[in-house]
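S.K.: Could you slot chain B onto chain A? The hints should help.
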Amino acid sequence: MKNLKGNSLIKSNAIWIVFILEVIIFAIASGGTFVTGSNIVNIARQVSYYGIASIGMTFVILIAGIDLSIGSIITLVNVVCAFLMVNAGMNMWVAVLAALIMATLIGVINGAMVASIGIPALIATFATQTIFEGVAYLISGGRPIAGFDQNFGLFGRWSIGPIPICAIIMILCFVLGSFILNKTYFGRYFYAIGGNEEAAELSGIRVNRVKYLIYALSGLFAGLAGIVLLSRSGSAQSTVGKGLEFDVITCVVLGGVSVNGGVGRMSGVIAGVLIIGSLTNGMILMDVSEYTQMVVKGIVLAIAVGIDCLSKKRQAV
Amino acid sequence: MSEDFVLELEHIRKEYPGVVALKDVTLQLRRGEILGLIGENGAGKSTLIKCCSGAVVPTSGKIKINGKEFDRMTPQLAAENGIAIIYQEFNNVGELSAAENLFLGRPIRKGMVIDRKAMEEEAAKAFDQLQIKIDPKELVKNLSVGYQQMIEIAKAIQQNAQVLIMDEPSAPLTTNEVENMFKVVELLREKGVSIIYISHRLEEIFHLSDRIEVIRDGEYVDTLITPKATVDELIKLMVGREMTQQYPPRKPCIDKSKVVLELRNVYGNGDEDMSLKIHVGEVLGLGGLVGAGRTELAEVIFGAKAKTSGQILLNGKEINPKSPREAIDLGIALVPEDRKRHGALLTNSIKNNINMPIYERISKASVIDAATEKANAEKYRKDIQIKCPSINQLVRNLSGGNQQKVILGKWLAANSQLIIFDEPTRGIDVGAKYEIYKLINDLVESGHSILMISSEMEELIGMSDRIIVLAEHQMTGELQKEEFNADTIMTLASAIVDNAENAGVKEAS
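Chains as they are written, first to last, in our numbering: chain A, 1 to 317; chain B, 318 to 826.
With the rest of the complex left out, here is chain A (with noise of 0.2 Å):
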């Protein structure tokens, strides 16, 4: 038993050690470009869209589920806030809510499927990662759409001293995630559905309604980093959130939360979220070419998930 406990430790803390070493690298090979305080700072505002993202994504996965329409949901909001501050010319407070709305609604149409009529979470949030993916375009006419609020900088271009907003957005965030997870009973439901959904029903759980609400929760953090991302760029794409969930993904299960559910911690997502922030930042200062990135990424999203898998495996026998 002692000697489990130990391992875990260093597990919890290997990915720790591997940003670390991570870090070390890039500043020797950067010539100390990466740790100059500009580039941090740099960091710190490319990280946090998907960092604010992570959270819902951590949810739904800690319930052995997976929410594919994030980008989407991302892009859509993009469109969609422009749009209403743009084209509609609303109060920029008012078009931020309305879009951070649609985005939990969108989460509560993925919370209806694989909840309540049973379609699996890949294949049900796939379909809306289509659906709205199709309605960013039909709105915007693919065409970009900019000429903000000055304030609307807020979000993703302003600072208090040296911190970026959104950086302080998103450690809010990963504030309330870890609260949520730790400290209510939601937290608690949340491991149980994931350990295993029958037995958390048979132990007073309504596991649908609790579905509904991490998914509505997942598009409404993605909701969040969509207007992180807007206020950043100035302008509304609607290519902007493409594949969006697939770095978000990576950066959760790299932070150790099991794909087959129940286990995990936001503390091991925040050391994901830096890990993936610093090697895509670290790979644009080397200037490796966009292609190489998606090779790296992908073969780090496969060595997470096999390192799950295989400790899984080794639990069982």
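Don't read these hints as lab results, they were simulated from the structure.
Some hints here could point you the wrong way.
[Claimed, not checked] Quick list of simulated restraints, FRET-style, between CB atoms:
1. B:GLY744 with A:VAL18: 56 to 66 Å
2. A:THR130 with B:GLN405: 35 to 45 Å
3. B:GLN405 with A:GLY306: 35 to 45 Å
4. A:ASN260 with B:GLU503: 46 to 56 Å
5. A:MET294 with B:GLY744: 15 to 25 Å
6. B:GLU677 with A:VAL94: 29 to 39 Å
7. A:MET294 with B:VAL337: 55 to 65 Å
8. A:ASN260 with B:ASN714: 14 to 24 Å
9. B:GLU496 with A:THR130: 35 to 45 Å
10. A:ALA98 with B:GLN405: 30 to 40 Å
11. B:ARG658 with A:ALA98: 39 to 49 Å
12. A:ILE40 with B:GLY744: 54 to 64 Å
The beta-carbon is built from N, C-alpha and C at its ideal position, and this holds for glycine as well.
M.R.: Here is chain B on its own, set in the frame of chain A:
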């Protein structure tokens, strides 16, 4: 050996880690006979046939087919040596025709192409031989269960089976279909096929078999010549054992004036016409064979499955729980049969397991009161003596008995009034069993009521205050403590009751 045995099993033993499924079973099957194989739930019948099919490798013992000795079977060896097994689940493909199913995996071909016509002709012949009327072109999914079973039998005969092992073949069939199946089985005997017929239904065994072998607790008990055997004798042999186990003493605590749970003609989840009462401080035992509908009844009371008609009353008030959540809030709890799948949350801690049903009660604005959470877990860890280094330990790492205690702790924390135990001591070692029995006593003595489903005769008799027996999803009898008797219970469970009398009761009420 002068006698002509097709199949002989000699001193078959099968051990699993921690459990001996078969201790020592010997079986001899004569050429052209029907041998009935009977035994209680868990006697080892299934394991024994799996040894014949090659699905299970015996730890020791010999298998002889036509005098040829084997240490073990493989599915292929079994087929080569003419052993075929008809399981309760069929291996038919619904989208293919009867003929195609008959030749599944080894179609008649003309060069590369499947010769449908030849197959249909052959199939027609095969069906004729068994005197069954099936159109070879008909899709199997359009055939009744009885005919699907016939195809399985025909397939076995087509493949030159000399030994046909039938595991509860009548279970999925209607009365008419059973009669047809009997005819086919008797026809096969005339043709020299040897048959091992496994059934819970003693009447069928008497009707069909030439000899009857009884096994009990993984051991060979006796073989009887059918015409000389009696039902009473068989039941005695099946139940057999003396009451060896000691049960902890219980203070008298039943309050007959207070009915906790009452069912009035409840139908649903497969069960029919269930009526019963459970009093305060009472352990009501629910006996019957596996598949008699006991777990199904528990699921209905616990809100996991819906009832279709009838009334459930809790403390005199009608209730209609539509989910486990609702049942739990009403004070009903279920300790399920499959502890690892349905009972305990193995990947969660003891603390989380115990508090799981009451998290919403101990939270304010969804934030858990951590002190109460911990106090609860510690209380039940102490009260029911869950042996663990810490309440933060994962339930996965506990022994079966301690897992069961965690589940019980969860329901006590939820303030349950009626606790349904489905096989409370399955897979739990002897010492821990005694502890569970003591806990059950503590529960009723402190005013809880218990519905206990058990397939262990001793446990049922030793722990119950009253026993209701189910067979085939119906109630077949109720016994008061002074009437408890293993033979009577077994008889009721085997559904050898006067059906007319039953029907009469139904009409009267």
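S.K.: Hint by hint, where does the structure go against what was stated? Just the numbers, ascending.
M.R.: 1, 5, 9, 10
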